[in-house]
Amino acid sequence: MSVIFPRWMNSLPPVLAVGVVGGLTAAVGLFWYYATPKFWRVGYMPVQPGGGFNHQLHAGKLGMDCRYCHSKIEQSSEANIPSVHVCYGCHADNRLVQFTNATHKAKTDFVREAYVKDEPIAWNRVHKLPDYVRNFPHDIHIAAGVSCYSCHGQIMGMPIVYHAQPLSMSWCLDCHRDVQVNPQNHLVPKDMVTKLIAVENRLANPQEHAGEAAKLLENIKLVPPENCGACHY
Amino acid sequence: MSSAMHPDEATARRLAGLAAAPAAPPNPDHGDGSLIDEPGVRAPLVLGNRSFGDVTNIVCGYIENKPARWWLPAVLFTGSIAGLGGLFIGYLVITGIGTWGLNNQVDWAWDITNFVFWIGIGHAGTLISAILCLLKQKWRTAINRSAEAMTIFAVICAATFPGIHIGRQWMAWMLFPIPNANAIWPNFRSPLLWDVFAVSTYGTVSLLFWYMGMIPDLATLRDRADARLRRNPNGATILPFVPIRIDRVRAFVYGLLAVGWRFSSRHWHRYEAAYLVLAGISTPLVLSVHSIVSFDFATSIIPGWHTTIFPPYFVAGAIFGGFAMVLLLLIPFRILFPYMRDLITLRHLENMAKIVLATGMMVGFAYGMEFFIAWYSGSKFEQEAFLYNRLMPPFLVGEGERYAPYWWAYWSMIGCNVLSPQLFWFKAMRRSPLVIFIVSLLVTIGMWFERFVIIVTSLHRAFLPGEWHMFHPTLVDILIFVGSCGVFLTLFLLFARYLPMFAMAEVKAVLPQASPHHGEEPTTAAYSTTGGH
Chain A
1 MSVIFPRWMN SLPPVLAVGV VGGLTAAVGL FWYYATPKFW RVGYMPVQPG
51 GGFNHQLHAG KLGMDCRYCH SKIEQSSEAN IPSVHVCYGC HADNRLVQFT
101 NATHKAKTDF VREAYVKDEP IAWNRVHKLP DYVRNFPHDI HIAAGVSCYS
151 CHGQIMGMPI VYHAQPLSMS WCLDCHRDVQ VNPQNHLVPK DMVTKLIAVE
201 NRLANPQEHA GEAAKLLENI KLVPPENCGA CHY
Chain B
1001 MSSAMHPDEA TARRLAGLAA APAAPPNPDH GDGSLIDEPG VRAPLVLGNR
1051 SFGDVTNIVC GYIENKPARW WLPAVLFTGS IAGLGGLFIG YLVITGIGTW
1101 GLNNQVDWAW DITNFVFWIG IGHAGTLISA ILCLLKQKWR TAINRSAEAM
1151 TIFAVICAAT FPGIHIGRQW MAWMLFPIPN ANAIWPNFRS PLLWDVFAVS
1201 TYGTVSLLFW YMGMIPDLAT LRDRADARLR RNPNGATILP FVPIRIDRVR
1251 AFVYGLLAVG WRFSSRHWHR YEAAYLVLAG ISTPLVLSVH SIVSFDFATS
1301 IIPGWHTTIF PPYFVAGAIF GGFAMVLLLL IPFRILFPYM RDLITLRHLE
1351 NMAKIVLATG MMVGFAYGME FFIAWYSGSK FEQEAFLYNR LMPPFLVGEG
1401 ERYAPYWWAY WSMIGCNVLS PQLFWFKAMR RSPLVIFIVS LLVTIGMWFE
1451 RFVIIVTSLH RAFLPGEWHM FHPTLVDILI FVGSCGVFLT LFLLFARYLP
1501 MFAMAEVKAV LPQASPHHGE EPTTAAYSTT GGH
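Chain order of the listed sequences is A and B.
Residue numbers are given in our numbering: position 208 of the first sequence equals residue 208, and the series is strictly consecutive.
Residue numbers are given in our numbering: position 430 of the second sequence equals residue 1430, and the series is strictly consecutive.
The hints are simulated quantities; they were obtained by calculation from the structure and are not laboratory data.
Virtual Cβ for every residue (Gly too), placed ideally from N, Cα, C.
Mixed in with the good hints, there may be bad ones.
Stated by the list, open to error - Which bits of chain B does chain A cover? Going by a derived footprint, with three or more residues having C-beta under 8 angstroms, they are:
(1) 1177 to 1191
(2) 1241 to 1255
Claimed, not checked - In silico negatives: residues of chain B with every beta carbon more than 12 angstroms from chain A:
(3) I1036
(4) G1040
(5) L1084
(6) L1491
Please construct the entire structure, taking both the sequences and the accompanying hints into account.
Structure below.
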């Protein structure tokens, strides 16, 4: 019999075996890392009009309450984006002394321009659930004692808002399942929900509040739903 | 035996199968020579006094010689039908399954009908290769390779339909329990998930069985290509002016596929053991796969589906339809491929026709039993479903009375599946390739209608009359099904051209020369080739 295959092909089976197993492992690993919401949603930070609303300044340094602008979160599913009138309430011409500062004035001119033209500011949406998911009910979660911090992260430290959590379905379910077991990791007293720095400190040491959190869970008498229809119509 | 030959050499030649078989006197009563009805005589399984070398030359010749003139046009024709089906699948994926005739009431229709139809077809191949192997039915050797190939191609066609009917086809991976960012796990209590496992196991085992059985034959093809190359290094090239020899390519490709098979005794020993193990694994699959497919229906509460007879009824129907498809493929091939009639004799066709008759009777029994149980159980819904969803034709009920809108589908099924195989009670009918071909065609149509009847007639009028809806297929429905037939035929034609259609070693083992007593003078009636008592 003549030589059909070159000698190096004797090493083909082990090379193939290693290649196939390694290739499959690599494919699964790469997919796992790069193609899940942990990677492609977290950190999403679109460019906003006027450089973006500085949450670090307003909610962090100045200590404004979330509900000053997102005024309907306790009554509505939707966390409303404030109209330009809310911005203008503070940023009107010569409204506050420090607004006379020329740099600041230039930075916020777009608010006054929009107000004069009576047009909304075209903010870009950062957090968006797929269309087969109902609107995330902010009112229900706040009433249950889930802080803004739990889903939006260190919003009080963000000069421009970015996506802090994956918002994947398993991420939702992780909390819905875990809250019964470890309420101290997820629940805060209702009057604390928007006090983000306090919440951050509290959630950093959850065990100190375990007893209180268990009571919170008991008081709301809530079993977070896990059925399909809770989130998908 | 030549007197000049040394007796030892004669024995050696005989044992090597080089001695010619004794010429059987042609007897007009024995058809092509295989239809010997005397109980004391074994009918020959290979005709024409073929030697071992003949078998190899015939089987390899289909691959190595130029294809017949019909082959290329046939492949182009079936291939373009397959491509048409592919285009319409593309249209379906882009547009959505609203392009099918489905509606809220009939939410399974042609898609699942086609799935069950194709998956059923495959069962004959597994039965022939596994169960008939364990039962030592020697006639299976002539048909097992092509029937196994048919199984795999049928599973490919079948798997397409659940894959595309889910609506968002890019989510098809969700059929499998794969960890994902949605924390969704398939419902392990659903027969649809069992189906995924049953069909994927079936496809995998069938593919392994088919490929493993083919390894020695692929090695034969490799060695023959190599030998031709050595005899004539300047043989035909793959294209004019491209200096790559066809036989070089053949030796390489078949050599890769033959994974180093060298025909050593040790190889054969391992091969036989592995073959038996795979036959053992495949045997329960013949019964389990279609049982699980039937659970898709039987575990629901829809009248007409909620029936305990479904698993055996589906298995019998699968073997019934599968054998019909084997016959439908092999009868034309016996005509189109020269010498194939020596390997697939009328006896083989008759045996398969008998299986078609037997399984057809089982299916007919199941049809009857469904009506009996509907009456005997006293379930009104069941009775309604059978009488007014399926059975009652308009001309049997009075003017303006209710009748079953799909009565024509039901009666097509009865005519094709129950009545047409009854022809095989007559010896002349089950020995005529033409009659067998026509009946097989009817059975194949009937078995498609059976699945259509089960699925659509039960769904179109379920519990709430306000939701009753008729199902009408659209062009997309029809062309995707026709396309799947094109895929099936194209794959089979390619198989017949490029892979060995017969298990050569097994066919040789049933030649008279393979018997240790071959060539000896008959001493007792037991070894008589002329029969008589």
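(message) I'd like to know which numbered hints this structure contradicts. Please list them from smallest to largest.
(response) Going through the list in order, the structure violates no hint and respects every one.
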